[in-house]
Amino acid sequence: MSYSVTEPSARQKWIAGILVALYAVITILPLVWIIATGFKTPSDSIAYPPKVVFQPTLEGYVNLFTTRTRQTPEYMAEHPPQTWAERIVAKYDMTIVGPSRFGARFLNSVIIGFGSTFLSVFLGTLAAYAFSRFKVPLKDDLMFFILSTRMMPPIAVAIPIFLMYRTLGLSDTHLGMILLYTAVNLSLSVWLLKGFIDEIPVEYEEAALIDGYTRFQAFRKVVLPQAATGIASTAIFCLIFAWNEYAFAVLLTSGEAQTAPPFIPTIIGVGGQDWPAVAAGATLFLLPVMVFTILLRKHLLRGITFGAVRK
Amino acid sequence: MAQIRIQNLRKDFGAFTAVKSSTFTIEDGEFFMLLGPSGCGKTTTLRMMAGLELPTSGEIFIDGEEVAQKRASQRDIAFVFQMFALYPHLTVGGNIGYPLRSQGMSRTETRNRVTEVARILGIETMLDRPVGGLSGGDRQRVALGRAIVRQPKAFFMDEPLGALDAEFREHMAEELRALHDRMGATTVYVTHDQLEAMQMGDKIVVMNHGVVEQFGRPQEIYDWPATLFVAGFIGSPAMNVLPFEGMVGIGATSVNLGGHTFGMPELREGAAGALVLGIRPEHVALDDASSLRGEVLATEYLGTTQIITVRTAFGAVKLRLPSGRAVATGGQVGLGLDPRRITLFDAATGQALRSAANEKVLSHG
Numbered sequence: 001m002s003y004s005v006t007e008p009s010a011r012q013k014w015i016a017g018i019l020v021a022l023y024a025v026i027t028i029l030p031l032v033w034i035i036a037t038g039f040k041t042p043s044d045s046i047a048y049p050p051k052v053v054f055q056p057t058l059e060g061y062v063n064l065f066t067t068r069t070r071q072t073p074e075y076m077a078e079h080p081p082q083t084w085a086e087r088i089v090a091k092y093d094m095t096i097v098g099p100s101r102f103g104a105r106f107l108n109s110v111i112i113g114f115g116s117t118f119l120s121v122f123l124g125t126l127a128a129y130a131f132s133r134f135k136v137p138l139k140d141d142l143m144f145f146i147l148s149t150r151m152m153p154p155i156a157v158a159i160p161i162f163l164m165y166r167t168l169g170l171s172d173t174h175l176g177m178i179l180l181y182t183a184v185n186l187s188l189s190v191w192l193l194k195g196f197i198d199e200i201p202v203e204y205e206e207a208a209l210i211d212g213y214t215r216f217q218a219f220r221k222v223v224l225p226q227a228a229t230g231i232a233s234t235a236i237f238c239l240i241f242a243w244n245e246y247a248f249a250v251l252l253t254s255g256e257a258q259t260a261p262p263f264i265p266t267i268i269g270v271g272g273q274d275w276p277a278v279a280a281g282a283t284l285f286l287l288p289v290m291v292f293t294i295l296l297r298k299h300l301l302r303g304i305t306f307g308a309v310r311k
Numbered sequence: 001m002a003q004i005r006i007q008n009l010r011k012d013f014g015a016f017t018a019v020k021s022s023t024f025t026i027e028d029g030e031f032f033m034l035l036g037p038s039g040c041g042k043t044t045t046l047r048m049m050a051g052l053e054l055p056t057s058g059e060i061f062i063d064g065e066e067v068a069q070k071r072a073s074q075r076d077i078a079f080v081f082q083m084f085a086l087y088p089h090l091t092v093g094g095n096i097g098y099p100l101r102s103q104g105m106s107r108t109e110t111r112n113r114v115t116e117v118a119r120i121l122g123i124e125t126m127l128d129r130p131v132g133g134l135s136g137g138d139r140q141r142v143a144l145g146r147a148i149v150r151q152p153k154a155f156f157m158d159e160p161l162g163a164l165d166a167e168f169r170e171h172m173a174e175e176l177r178a179l180h181d182r183m184g185a186t187t188v189y190v191t192h193d194q195l196e197a198m199q200m201g202d203k204i205v206v207m208n209h210g211v212v213e214q215f216g217r218p219q220e221i222y223d224w225p226a227t228l229f230v231a232g233f234i235g236s237p238a239m240n241v242l243p244f245e246g247m248v249g250i251g252a253t254s255v256n257l258g259g260h261t262f263g264m265p266e267l268r269e270g271a272a273g274a275l276v277l278g279i280r281p282e283h284v285a286l287d288d289a290s291s292l293r294g295e296v297l298a299t300e301y302l303g304t305t306q307i308i309t310v311r312t313a314f315g316a317v318k319l320r321l322p323s324g325r326a327v328a329t330g331g332q333v334g335l336g337l338d339p340r341r342i343t344l345f346d347a348a349t350g351q352a353l354r355s356a357a358n359e360k361v362l363s364h365g
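Which chain is which? The protein sequence lines are A and B, in order. Sequential numbering from 1 applies to the first sequence in the numbering used here. Sequential numbering from 1 applies to the second sequence in the numbering used here.
This is chain A alone, in the form it adopts within the complex:
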């Protein structure tokens, strides 16, 4: 058996290409399915065999964002639909009576997801900098202690947290969810960022100190720009966790601070099995993380492979 370190042959490239394409299809297919379902009518969405070609409609999105009520045909005749959205629901003898709670739930997700991401990265950067640069008593023990919070699935402490939150009045509040997700993410953020900051030579800050900056200015003007890659990739990991988290959200939120993940499944129960509305909700829910990730993908890639190669 021989190993080649030369340029792969055309055939090898073809095989690699086909394998990658196959993998891409397998991964992307569910995504395409969800996005497509969001644009189907309820009957198309449950058609068997599944319809690949169909007449796209915004029904799912209208249903997602509105609450509707059924009217008598007489009422419908007296009140013809005015807007395009009303025309869509009029097919089912319905009128729009108001917005659904999806917008508010989505906003909750944004507030809690980005809020906890900001807090995790902010605190994580400061802690990582201190651990990286200063003599901290019991540093190794503290770092291990921080890591140890990751050694069990967070949901294992669901019951104590549920009771604590009820007593503290943090149940179903934005603050409570932000604090919870920050607590879960902080260990990841401290460890990841410490690795990044360790790699920044301390001479940069010393040069800045001599050039007339204070320690904090040196941190802000010299360390932060160089840690940007690490901060960006840490932020993505934190956001993905906080955004997608389901179990605690179900347990601790029900109204005021409910995030999108526990809300989306409840759409099913409103007026029959409205799969297109569920799919529309899932599609919209995917977007922010997708956009965020695409914007920062270079950093993300560097973050994943970080530490794998010694320079």
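Please note that the accuracy of each hint is not assured.
Some but not every residue of chain B turned toward chain A, in silico, with C-beta under 7 Å [unchecked claim]:
1. A72
2. S73
3. F79
4. F81
5. A85
6. H89
7. Q103
Result set (SDA-like, lysine to any residue): computed pairs, CA atoms no more than 25 Å apart in a straight line [said to hold, decoys possible]:
8. A:K135 <-> B:F16
9. A:K298 <-> B:P130
10. A:K221 <-> B:S106
Rather than coming from a laboratory, the hints here were simulated on the basis of the structure. Ideal Cβ placement from N, Cα and C applies to all residues, glycine included.
Based on the hints, put chain B in the right spot on chain A.
Using the frame of chain A, we list chain B on its own:
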């Protein structure tokens, strides 16, 4: 421009003492070398002078002002790091101008000063380039530019040539020395390379295990080492050290090594017990009349000179001879020692005994 005075400086890192008690003075405009093997405390001393480490005790005076506990930024000094420490997110011009901007200098004046400094260093065409693609030498020039642009009281350099190739090092060393001569600013330079220290320095402090071993001009240190450590560290090859048991008294002008008597500079102090005779290889000659004899172990050709290693009753002795002279390996030779160039050391303390020849040098050690 500044005189720098170090008084009883000490630095502990937990149980480890990096610098025990350093005292020396750097005169205004001197090119001053802190020399020693790695871990000897030279870099820690420099970092304390710069304000990057706080001393455990002791005082540092820059221009008569006590600064030991002051922040680096308040000392008006510039530091050149071994790894250059250029800000990777800035261009060459941005790096050089960085300290000026931190002082709140206007954009146009910064630009003018940066251009002027870049011209001195011959990097004016690179100002808009990112620092990432520069060669080691150019990076070090940028680092120097960042140091001199502020016109500080003193320059501190921590092995600035350590990261360059040997060939380029020599060139940069000359450039540095020329730059210093033109600007006349006090420069403190840390190195572990004794040749570099001898070549560039006006004065040298030799440190070992956190202790100042000797302080003086390169020639003084080379000719009259104050301790056995300095004798072994300075010079290539190092000073010959011949251990022997014996006794010498004040006023003695000769020393007896197990039956061999050698003339030497008049001693100003006596000692007895384990002693060491030190002499540089160039001050040992072939002398058939001498009673100190040995077998030639090796000859090493160095161009204009050659190093001959002779096995004697006191260990191997090296001689530096003109390379024209043929010496056969394995042959027996007699060794003559230049009586004006001998230093005696007390083996127990490692200190040189004072004599008429070295007492002036040792008095400011």
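Comparing the hints with the structure gives:
Given hint, B:A72 at the interface with chain A, holds; its Cβ is 5 Å from that chain's nearest Cβ, closer than 7 Å. Hint on B:S73 holds. Least Cβ distance to chain A is approximately 4 Å, under the 7 Å limit. The beta carbon of B:F79 is positioned within 7 Å of a beta carbon in chain A (closest approach about 5 Å), and the interface hint is therefore held. The restraint placing B:F81 at the interface with chain A holds, with a minimum CB-CB distance near 4 Å, inside the 7 Å limit.
A cut of 7 Å between beta carbons decides the hint on B:A85: the least distance to chain A is about 4 Å, and the hint holds. Taking 7 Å as the C-beta contact cut-off toward chain A, the hint placing B:H89 at the interface holds, the least distance being around 5 Å. Hint status for B:Q103 relative to chain A: holds, with the closest Cβ pair at about 6 Å, below 7 Å. Proposed proximity of A:K135 and B:F16 is supported: the alpha carbons are some 15 Å apart, at most 25 Å.
With a C-alpha separation of about 20 Å, the suggested pair A:K298 and B:P130 falls inside the 25 Å cut-off, and the hint holds. Annotation: proposed proximity of A:K221 to B:S106 holds, straight-line Cα distance about 19 Å (limit 25 Å).
The structure meets every hint from the earlier list without exception.
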